[in-house]
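> Given chain A, work out where chain G should sit, using these hints.
Residue numbers (the working numbering), protein chains in the order written: chain A, 13 to 288; chain G, 4 to 262.
It should be emphasised that the hints constitute simulated quantities derived from the structure, not laboratory data. Among these hints, one or two may not hold up.
Rough simulated footprint, nothing fancy, chain G against chain A, three-plus residues with beta-carbon under 8 angstroms [said to hold, decoys possible]:
| # | region |
| --- | --- |
| 1 | 25-35 |
| 2 | 115-124 |
Derived EDC-like pairs (lysine to aspartate or glutamate); straight-line CA-CA distance at most 16 angstroms [what the hints assert, rightly or not]:
| # | chain 1 | residue 1 | chain 2 | residue 2 |
| --- | --- | --- | --- | --- |
| 3 | A | 115 | G | 190 |
| 4 | G | 215 | G | 238 |
| 5 | G | 24 | G | 190 |
| 6 | G | 41 | A | 97 |
| 7 | G | 201 | G | 225 |
| 8 | G | 24 | G | 100 |
C-beta atoms are modelled at their ideal positions from N, C-alpha and C, and glycine is treated no differently.
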Amino acid sequence: MIPGTSKGLLSIPTYRYLLWRLIRKAVLIRYRGSVLGWFWSFARPVAQFLIYFIAVGIFLRLGTTIGDYQVYLFSGIILIGFFTEVFNQTTQAIVANTDLVKKIYLPRELFPVSSVVVALINFIPQLLIITVVCLIVGWHPSPTQLLAAVLGVFIMATLGLGLGLFFGALNVSFRDSQNVVDIILMMALWASPVLYQASTMYGSLPEWVGTVYQLNPMVPAVELMHYAFWAALDTPKTGVVGYTTFTLIAVIVSLVILVIGQLVFRRLEGRFAQDL
Amino acid sequence: MRKTSDPTATAADPDAHLAVKVTEVRKSFVLRHTHTLKETVIAALKRKTLTSRFDALKGVTFDIPQGESVALIGFNGSGKSTLLKMLSGVYRPDAGEVRVRGRVAGLIEVGGGFHPDLTGRENVYLNAAILGMTKAETQERYDSIVEFAEIPDFMDTEVKHYSSGMFIRLAFAVAIHVECDILLVDEVLAVGDEPFQKKCFDKLQELRQQGKTIIIVSHFLDLLSKLCDRGIVIDQHQIAFDGPIDEAISTLRSLAPAS
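Same shape as in the complex, but just chain G:
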């Protein structure tokens, strides 16, 4: 599976303690207004604009040492999720560099790999494999995944017959049991009922105590203040503040347009 150590890291490497290193990363999206060759040709002949550009990130730089838990906060559309997708490798930066050390697993939109026609058990194994786990790792954790989701009687039922709550609990249970060094969490703290949310929160705290690097995107600022050491505020596609979580939250609140 994914490499757990970076061969280029040596004892003399000043970055040896880092889990994530993001250097001057830029990302812009080209919004195409045409989707077939015909449209493209006709628009080109009429000299219409084929595309427009949208800068999602304008030069972002930060380091995250191993074992730190960091919140990425900002308003909708500020570029947080884009940044998280670059850490997971879904997007590649246009300029700059993203480097990570260790296995990265993303709780990005829970349940993405689930198939409604497969049983809960099949989905657990499939989704765990998609998130980078080996067969042995999944077998070892299977029982605690089921226990976490609290649906032991439904593991051989097709997922399409699940209630939405059951579905989300199982998906989240798989994701949070993934073996990794760096965990990316995108706005999935609001899943399930209150006791389940509490359980997820406790599990994240546990992972944090185990020394995992955690990077969370969320709008639940109160929760983040308990879960994270550090906050990075992203505003207007740039870093507006990077420091202790409480200061980050008050910075973000001061940025909010007075209404």
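Bound-form chain A, shown alone:
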């Protein structure tokens, strides 16, 4: 066999034990040396939530037009937070593991993939918070609605990994790509209906803008979270938009981006060890 060759993402299952060890390492060291430890995985999204809840919900009064605004806001904001972590960490994954990449051959996709799993683990406490809050408010989701949440997370994970493979591979040679990632992430929050309702936007803009907007896979992903948590609350809701077609498109688009990311990654991979 030829050393230094792999089937990319497809060879990950063969390396699942090593993948598990890399994930375990990341989880074990994440809050080493901090007194409050895992409390911080709760603190960050809660702080972000409070800022927007007060600024947008109360000062800008969106909270009065959208019922149960706290659930609406939190269910979207944690998904965007998840995407932010996936995209950031996967982009950094190769550079952060310079020592290993330069010394030992492993399928380099292992590093970004382990970042995605670690992000999923960090996402669990936030899912717990929203579930508890929903149960307090009164929440009766159908199985479809619960599946919708899973699909939303899947779209974001796929999209984040695809973009992360692409920018992570470029990041090895050009550290500029981290700045591009920062800009995309800054837009992610506003380019999806996290703080506002998509229905209010359609009224104020030409129809084609709305169509382009919905082609962004993040939009249906966030709406799937709203559907699962916010729309499943016992109080009646208005402004829920049907997203079946665009959800399907989002799944396809994020998978296509994953394939493109993987192809670019593979093309540049041969140079990682010498360019780092």
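Quick look at chain G alone, frame taken from chain A:
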């Protein structure tokens, strides 16, 4: 894990007995003088040279039969480590072909995968996995790894509290217990104190007797003469000599600039 047999190898294959086959391998590095898009664009506009080339290997060919132990020797910067990194797959050749048969494990810069905030035990399992071992293989060898490193009381201590000697011993112990057919060793024979070096030497001899293929890069020529059958001298990025280890060493010594 990595495949242990090559499906393309058949009984009629003249290379069936080979562990490593290196054919006309070339490698050059492009040294970029710019690191951001801005610098690249400005340098391009000013028509400055963006890159310069450096040939690390200029067409290298050799075979290593299974079970042979081979020393790659040469002066600093001659291309030995580059060659070893191509055997391990870290680098890919620009031209030519590298083929290996069996599991390759590299003792390349020991301790690369260690994390200071993890305990010795966690690091053993993590590093063994990085070097290609399965969970069962690691569990089976865990005790002998600890015994080899001689630090049984420190396995649940974070590695950052280790002395540098302890760290290196543990890292080396993991690497040398890796299940493999081909072992690549890069200048790590000089680890630890003299008794530990002796132990490493004995372990390498043991692996050699077990029929493993061993490829060593080192400057400790006396040690190599005892450990290897064959020496490949690399000089000026090409093979200058390939033959019995003692002749290889005297060739290298004759190449040394008289000072």
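> Honestly, which of those hints from before does the structure not fit?
4, 5, 6
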